[in-house]
Each structure stands twice: as C-alpha cells, then as structure tokens.
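Protein chains: 2
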Amino acid sequence: MSKKLTKRSEDYSKWYNELVVKADLAENSSVRGCMVIKPYGYAIWEKMQAQLDKMFKDTGHQNAYFPLFVPKSLFEAEEKNAEGFAKECAVVTHYRLKNDKENSGKLIVDENAKLEEELIVRPTSEAIIWNTYKNWIQSYRDLPILINQWANVVRWEMRTRLFLRTAEFLWQEGHTAHANKDEALKEAELMNNIYSDFAQNFMGIPVIKGLKSESERFAGAEETYCIEALMQDGKALQAGTSHFLGQNFAKAFDVKFANKEGKLDYVWATSWGVSTRLMGALIMTHSDDNGLVLPPKLAPIQVVVIPIYRSDEQLDEITKKITPILDELKKKNISVLFDNRDTHKPGYKFNEHEIKGVPIRIAVGPKDLENSTLEIFRRDKMKKELIDFDKVLTKLIFFWKIFKLIFLIKLRPLQMKILELLIVMMNLNLYLKIKVVSYPLTGMDLMRLKKK
Amino acid sequence: MSKKLTKRSEDYSKWYNELVVKADLAENSSVRGCMVIKPYGYAIWEKMQAQLDKMFKDTGHQNAYFPLFVPKSLFEAEEKNAEGFAKECAVVTHYRLKNDKENSGKLIVDENAKLEEELIVRPTSEAIIWNTYKNWIQSYRDLPILINQWANVVRWEMRTRLFLRTAEFLWQEGHTAHANKDEALKEAELMNNIYSDFAQNFMGIPVIKGLKSESERFAGAEETYCIEALMQDGKALQAGTSHFLGQNFAKAFDVKFANKEGKLDYVWATSWGVSTRLMGALIMTHSDDNGLVLPPKLAPIQVVVIPIYRSDEQLDEITKKITPILDELKKKNISVLFDNRDTHKPGYKFNEHEIKGVPIRIAVGPKDLENSTLEIFRRDKMKKELIDFDKVLTKLIFFWKIFKLIFLIKLRPLQMKILELLIVMMNLNLYLKIKVVSYPLTGMDLMRLKKK
Numbered sequence: 055m056s057k058k059l060t061k062r063s064e065d066y067s068k069w070y071n072e073l074v075v076k077a078d079l080a081e082n083s084s085v086r087g088c089m090v091i092k093p094y095g096y097a098i099w100e101k102m103q104a105q106l107d108k109m110f111k112d113t114g115h116q117n118a119y120f121p122l123f124v125p126k127s128l129f130e131a132e133e134k135n136a137e138g139f140a141k142e143c144a145v146v147t148h149y150r151l152k153n154d155k156e157n158s159g160k161l162i163v164d165e166n167a168k169l170e171e172e173l174i175v176r177p178t179s180e181a182i183i184w185n186t187y188k189n190w191i192q193s194y195r196d197l198p199i200l201i202n203q204w205a206n207v208v209r210w211e212m213r214t215r216l217f218l219r220t221a222e223f224l225w226q227e228g229h230t231a232h233a234n235k236d237e238a239l240k241e242a243e244l245m246n247n248i249y250s251d252f253a254q255n256f257m258g259i260p261v262i263k264g265l266k267s268e269s270e271r272f273a274g275a276e277e278t279y280c281i282e283a284l285m286q287d288g289k290a291l292q293a294g295t296s297h298f299l300g301q302n303f304a305k306a307f308d309v310k311f312a313n314k315e316g317k318l319d320y321v322w323a324t325s326w327g328v329s330t331r332l333m334g335a336l337i338m339t340h341s342d343d344n345g346l347v348l349p350p351k352l353a354p355i356q357v358v359v360i361p362i363y364r365s366d367e368q369l370d371e372i373t374k375k376i377t378p379i380l381d382e383l384k385k386k387n388i389s390v391l392f393d394n395r396d397t398h399k400p401g402y403k404f405n406e407h408e409i410k411g412v413p414i415r416i417a418v419g420p421k422d423l424e425n426s427t428l429e430i431f432r433r434d435k436m437k438k439e440l441i442d443f444d445k446v447l448t449k450l451i452f453f454w455k456i457f458k459l460i461f462l463i464k465l466r467p468l469q470m471k472i473l474e475l476l477i478v479m480m481n482l483n484l485y486l487k488i489k490v491v492s493y494p495l496t497g498m499d500l501m502r503l504k505k506k
Numbered sequence: 055m056s057k058k059l060t061k062r063s064e065d066y067s068k069w070y071n072e073l074v075v076k077a078d079l080a081e082n083s084s085v086r087g088c089m090v091i092k093p094y095g096y097a098i099w100e101k102m103q104a105q106l107d108k109m110f111k112d113t114g115h116q117n118a119y120f121p122l123f124v125p126k127s128l129f130e131a132e133e134k135n136a137e138g139f140a141k142e143c144a145v146v147t148h149y150r151l152k153n154d155k156e157n158s159g160k161l162i163v164d165e166n167a168k169l170e171e172e173l174i175v176r177p178t179s180e181a182i183i184w185n186t187y188k189n190w191i192q193s194y195r196d197l198p199i200l201i202n203q204w205a206n207v208v209r210w211e212m213r214t215r216l217f218l219r220t221a222e223f224l225w226q227e228g229h230t231a232h233a234n235k236d237e238a239l240k241e242a243e244l245m246n247n248i249y250s251d252f253a254q255n256f257m258g259i260p261v262i263k264g265l266k267s268e269s270e271r272f273a274g275a276e277e278t279y280c281i282e283a284l285m286q287d288g289k290a291l292q293a294g295t296s297h298f299l300g301q302n303f304a305k306a307f308d309v310k311f312a313n314k315e316g317k318l319d320y321v322w323a324t325s326w327g328v329s330t331r332l333m334g335a336l337i338m339t340h341s342d343d344n345g346l347v348l349p350p351k352l353a354p355i356q357v358v359v360i361p362i363y364r365s366d367e368q369l370d371e372i373t374k375k376i377t378p379i380l381d382e383l384k385k386k387n388i389s390v391l392f393d394n395r396d397t398h399k400p401g402y403k404f405n406e407h408e409i410k411g412v413p414i415r416i417a418v419g420p421k422d423l424e425n426s427t428l429e430i431f432r433r434d435k436m437k438k439e440l441i442d443f444d445k446v447l448t449k450l451i452f453f454w455k456i457f458k459l460i461f462l463i464k465l466r467p468l469q470m471k472i473l474e475l476l477i478v479m480m481n482l483n484l485y486l487k488i489k490v491v492s493y494p495l496t497g498m499d500l501m502r503l504k505k506k
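If you're matching them up, the sequences are chains A and B in order. FYI, the numbering for the first sequence is 55 to 506, going by my numbering. FYI, the numbering for the second sequence is 55 to 506, going by my numbering.
It is worth saying that the hints were derived from the structure and are not from the lab. For clarity, every value in this text was computed on a predicted model and none was experimentally measured. Be aware that a few hints might be false.
One copy or two, it doesn't matter: identical chains are merged, so the pair holds either way.
Said to hold, decoys possible - Cut-off 20 Å, straight-line C-alpha distance, at most; resulting in silico cross-link-like pairs (EDC-like, lysine to aspartate or glutamate):
1) K155 to E171
2) K108 to D308
3) K152 to E133
4) K385 to D444
Given the sequences, and given the hints that come with them, work out the whole structure.
Printed below as a string of structure tokens:
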C-alpha cells in the first residue's frame, strides 16, 4: 500500500495494471492468462450481476445452465462460428491421470483414457445450446425461448490483461429462439438497449450504441449490435454485444418448428453477452491517479469510518459516539465499515480505502470528541470537510442523494469526447456503423456537433 | 405430459429419473455425464443459492473467483488429494484446433498447440487456492481468510444420475485459512451446522450431522463433518461436507505466517461444500407418485391460476375477477402465475403444474363466476376445495402461514426413520461416527429410542 500509483499521464496502461492489483480487485494466477478475482473485485461484480439479472428477468428471461464442454462435432457444426473460435480454444483430450512410475509422487496423463471425441471448453455456448433447443422446439407453441446463462468461458488469448482480456472470464450469455425474423431482431435490439441503460444509469459509463460492420461481427451472426465506451486514454472499449443470428444456428443444428399454419420453418435466434470486462470499463471510466473511484451504487463499502485513538478508552468513547450514526446509515441501506482493526495504523487505512475507492471516509479522533466534530472525506473530489456531529447525518444523506447526479455531471465532458469520436468514426466510415446516439443531447451539445 | 410416472413402490430409481425430466428440472446433454439444468430446475437452485449465500455472508465470508484450471504440478502437490481425484479428472492438453485437410469443414486438434504442462479442469479448488493464499498470507494480520466460491467443477464419473452424480456439477466451495487449529476446527463445525440448519429449516429435509470415518474422509482432510439425509427408499444421501484440513495444504504449498510472537508456523485450513446434488435430496425427500412436491419457500411458482373458458369474453370476465386477488398475493411476495396460455387446454395445465409441484393451484371457470366460488387445490395433500370468492384471500394467506409447519409435521415420520437408522449405524460402527443429533427430540422420540 505504500508505493504510489503510476500517473495516467505517464503510462496509462501501467496505471491500469497497478490499480487493479493495488485496489485488491484481481491478480494474475499461476494459470497462464487466467485471473483470480479477489473478494473486493468480486463484490463489485456481484452488484453488477444482481442488477443485470433483475433487468433480464423483468423482460421475461429465465436462467438455465448448459454443459461446460462442447463435443468437437457440435463445435464444428456452424462453420463460421467454429472458424472464429477454433484457434483459441482449450481442448480436453483425456479423462484420467496415473502415477508416473519413473517419478514417484508425480502424475502423468493416462494414455488409456483418451476420449473418443475431444471436448472443447466452451468459448461461447451457441453450439451446445442449439443442439439442446433442437429437442425443445417442435411447434410455435414452444416459442419464444428466452434463456440466459451465467457462466465461465475460455478463449485462449495470447496477450492478456486483467478483466479486459483473459483466457477464462465470467459472463452472461443470453440465447433466444423466435418464430420470426422481426421478433428476433427486436430482441437483439432490446438487449442492446438494456446493456446501454445498465452501463449509463447503473455504472455511470456513457456509451454509444452501434451496429458492427461485417468484418467486426460475431462469427455466425447476421448483425451485431454493441455498446462502446470511451476510456480516458481516448480508446474505445467494446462493453457488450447483442447478436441477431438469423437462422444460421437453426440450420446448422436442424431446428425447425411447425408454425400456426402447420408449415415447417427454421427458428430465428439471438445471443447477447456482457462479461467481467465491464469491470475494466468501470475502472477506466471513473478512476484517477489516487486509485479507484466507484459510483456509490457499485461500492461494496459505501462509507468507511476510521477511529483515531491511542488507548482502549478513547476507542470505546469514539465507538459510543459514532454507533448511532452508523445505525442510521445502515437503516438507509448504506453499507458501512467501522474499520477498528488494531493491526493497522490510521495512515495505512486512509491510504487503503482511498486506493480502493470507498466513496466517503469519516475520521474521528479525540479532538473531534472534544469539539463535537468529525472529518468527512469525499473520494470523488478528494476533499475533506470538518463537520459538526449533529449535522453529520443530514450531510451524509444529502451527499448520497446527489451522488448519482454528481456522477453524471462529472461524466459530461467524457460524453462530449464520445460524441466527437462518433463524428470522426462516421466520417472515416470506421468499424462501427453508428445507428443511434444513446445519450440525450442538450441544445448546447447539438450546437457543438453542428459546428464540426 | 400425458404419461403417468412410474410408482415409487414399483421402481424407485426409475421414478426419480422420470420425475426429474417430466417436472422440467434437468435432462441429460449430448456431453457424456453432463446435464442441462432447465429454467424451472435452475430457479429452484437460485433460491437455494440466495439463502446459502446470505448465511455465508452473515457469518463473515466473502465470495471470490479462482481459475477453472489447475496446472498438473499444483494438482499433484498435496499427494492424498491428488490421488483421490487423479482417476476422474478432465485434462486439457491442447489450446487450438485446425482445419482437417482430409475432411473439408471438419476440425482436428492442432498438434503444434500442445501445452507444455497439462491443465486439470478443477474437481475441487484446494490446490489452486492454496497456491494463491501463499502470496496473500505473511503474518497473523492476514488471517483469517474466509472465502467462498460459486463455481462449476468436473469429476469424470462413470455412472451418472441427474443431480445426484454428474460429471460437471455446480457447487459452492468455501476455503478458509486460520492462525490456529482450534479456530479452524470451529469453522469446519460452524459450516456443517449452517448446512444442517439450511437443509432442515429452508428445504424441509431432516438430516443427521456426522463425522466421517478415516476411509470415508475427503482426500487430504483430517476430519470430515457431514450432513446425511434419508431418502424415501431408505438410503442415506450425503448432502454436504465440511472438512478440517489441518496443515496439509499449507505444508504442500509452503504457506507459513508470522504469529504475534514473530515465529513462523503453517496455516490451518478448512474447506466445505454443497452442490446441485441438494436438488436430488429435495426431490427425493418431498415428492410423490404424482410428481414433484416443493416446500413453498423453494417453489419458483407458488400459486398458479388456471382460467377455464370457451370464449374471449369469459376469459376477460375471469381475468377481471381474479386480478385483485393476484395483486394482493404479489404484495405479500407470493409468486403467482396466471396461466392464460391459449396454446394449451386446462387439463394439460393441471397435469403440468401438478407434476412440477406448484404448491397451490386455483381454477376458475364460468360456473365459479355465477356462484361466486373458485377451486383451490393443494399439491401436498392432493386435495381440492370449493371456496367462496370473498374468503379466498384469507384462506390462501392462512395456508401460507401454516405451510412451513405442515412441511415439518409431514416430515416427522421420516425423522423417526433417520433416528432409527442412526442407532443401527452406531451399533454397527458403520462409516459415520455420529456426533450430534441435529433435530430437537421430543420426549416421545426419546422414549422410543431408549426402548431400542
């Protein structure tokens, strides 16, 4: 915790890597390209999951679970999809180890336990799922199927970066089946809208919604909708995709249904996903040279209280004084940590919670008890304020209410950058065919855009 | 939905297999030994997850995520554990496929993409986690570590059964690190108590808490606590385990900490888990020859309303009449389905919701509108009742309140069987060294036990 972060202006990429580790979010594991998501990082991911899961269910989707493995023959059935992932997949070839006779205590692969057909660790689940849907769909009565899966997937990436690109990552993948093209197209757009809504209103990340050009599309899709976020280094980050798959997978797996007129037709499909990469977008959108900055809704610890004391009596007194305030905050569903660890000094704690992006820090010492004050520190502004004890609660709740607003206001300049980028991309006819600008524009914004 | 289930008395095992499929809980996939958990089954699992997750967090545990793969050298580090799982693990040996030149459109393993070191798909995560903890633990200040992981694991089972024994299954695995033996032992017992509390009070499954004999212990553990449930066929089912791992993993991965006196010592460990096997226990405890029976807390649909109508006007009238009741139930957080699908007949719906174990079914037809009545059917008792419209809500809410009690009362005879089994096992000195009887005994129970 002692060493400072590299500044963004010095080396943006280094800043990011250091931040992820120092803020206790994730770290590289001993498995090439795979990360360990630490409890603090995972708690943020859980909050994202809970909100997304609610939004999926509110729009009629259900969760289910399909196998981790895809038999090779199923994997290769949809040719474009197979081609797109063949070069980066982990392959299971054996199902047993045995003792190494030449090396006591060591194990080797048992060559007698070779699989007849190799299994691919899923890089995405279209193949295994459409092979299952085949048995579930006979008639229009069985449609639509609106299923989502929370799962881990593996894509053997050569150059990995924590959260942004890892060999194994966590994600959700929606897989829906429809009776006609129009319904499937609407579903793909709906889910892209949900992603955009989630990114902007829950994570405070401004995004543009786009439609990918043919070369950038998901392998096996007819259209790929996407949300793209702009990072502080001016680079765009693909933050979510929603695919209209046409009848490609239905044809590959021979999934037909009898329509109301009794005629057989291939089923229409979509798939859509966001992953732990969103953690990377979150970090890069909000954070600064002092560490992580978290929108309050995503902060695992929303308020931390650090007591400053020299004796047990002083700690007791502080605890007594602060407890009613903590109780009130908890009642308002604000998560509070009273960091009274006696194993670490206050300076260490200040630093730790600053780099971990706790939105509000309260410090109370013996002097505060005398003067009936305490110190409130706001992480987003890096600003301290000395406040009377009896005004603390009102102040905190006020902060809380305006926080969402603050995050949007703060993001205004970034939003403008995105709009500028958008114009550039449209002019250059780059990889995005921009379709919709998702952020409501003010008159001023439009003026600026028109001038360009 | 048309064919009846095999009766339990005819073929218990066949009854179970049919029930899992017909109740839409899960099915076999095209991957050997791996199952597809269908939306209805997954919704039950989600309810179990949410409650367990809350109980873990309430006792100070945090979630995190570790890699799916374990490099072979780490896998073999703790010898007993490695030996225990070596014969049933999926091994990744390659990381790329390529086009088969002799077979257009087909893919084959690219022999140039052979891994230097094979990766084992985790059968359990002690190895990868303790190799990580090594870097997290230097001093007593870093302890305890109380982490849980929700994940998929793979154990290559030869004979599989849906939920009870599958090659891939979903579970949670807790992995904790402690400064002394006593604390670790207490943790292992605490988590076994949480499992027992969960099984009995949330799932309505009576269990006995036991301590396994040496031969039945988890590979690498010094003690294994467990909960065992009794199924309707008289067989016991291991429903959860909690292991005191001693210093075995700390020694295998060289994880030492400096205690308060500055002396180095190996860290003490526990691990504990329950899995989708609990779904099997749930099914086998409550269900009957008509299908699934669900404790109300675990039912994805708690009340289903089936309108019986011949014309759109009749449906409209029924909808108008029933809507206020549905709204009241929803306000009380009771999940309600108004099954007005026009693609299926009432008889089909009755059958479907019966086999899927929806606790309460309400039927309303034109006659009910005339007479101001409706029919309530209770799945646990398989009993219909005709009730006045204006008494429906009171009745339903009354049912709801007594439901928990009903499930416990219903289980009383089963509980007695378990106690009898317990005595037999103690006498035979079987694989369980019974330590604690978890269920509060009444005076009558004790009398019966003493007589034996």
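- [ ] Tell me, please, which holds for K385 and D444 at an alpha-carbon limit of 20 Å: within, between, both or neither?
- [x] The answer is within: 18 Å in one copy meets 20 Å, while 38 Å across copies does not.
Task: Up to 20 Å CA-CA - E133 versus K152, copy category - done: For K152 and E133, only the inter-copy Cα distance (12 Å) is at most 20 Å; the intra-copy one is 36 Å.
Open item on the list: I want to check one pair: K108 and D308. Are their C-alpha atoms no more than 20 Å apart within a copy, between two copies, both, or neither?
Closed with: neither (33 Å within a copy, 43 Å between copies)
Open item on the list: With identical chains, the pair K155 and E171 could be close in the same copy or across copies; at 20 Å between alpha carbons, which is it: within, between, both, or neither?
Closed with: Only across copies: K155 and E171 sit 18 Å apart there, 28 Å inside one copy, limit 20 Å.
Consistency with the previously given hints fails for number 2 only.
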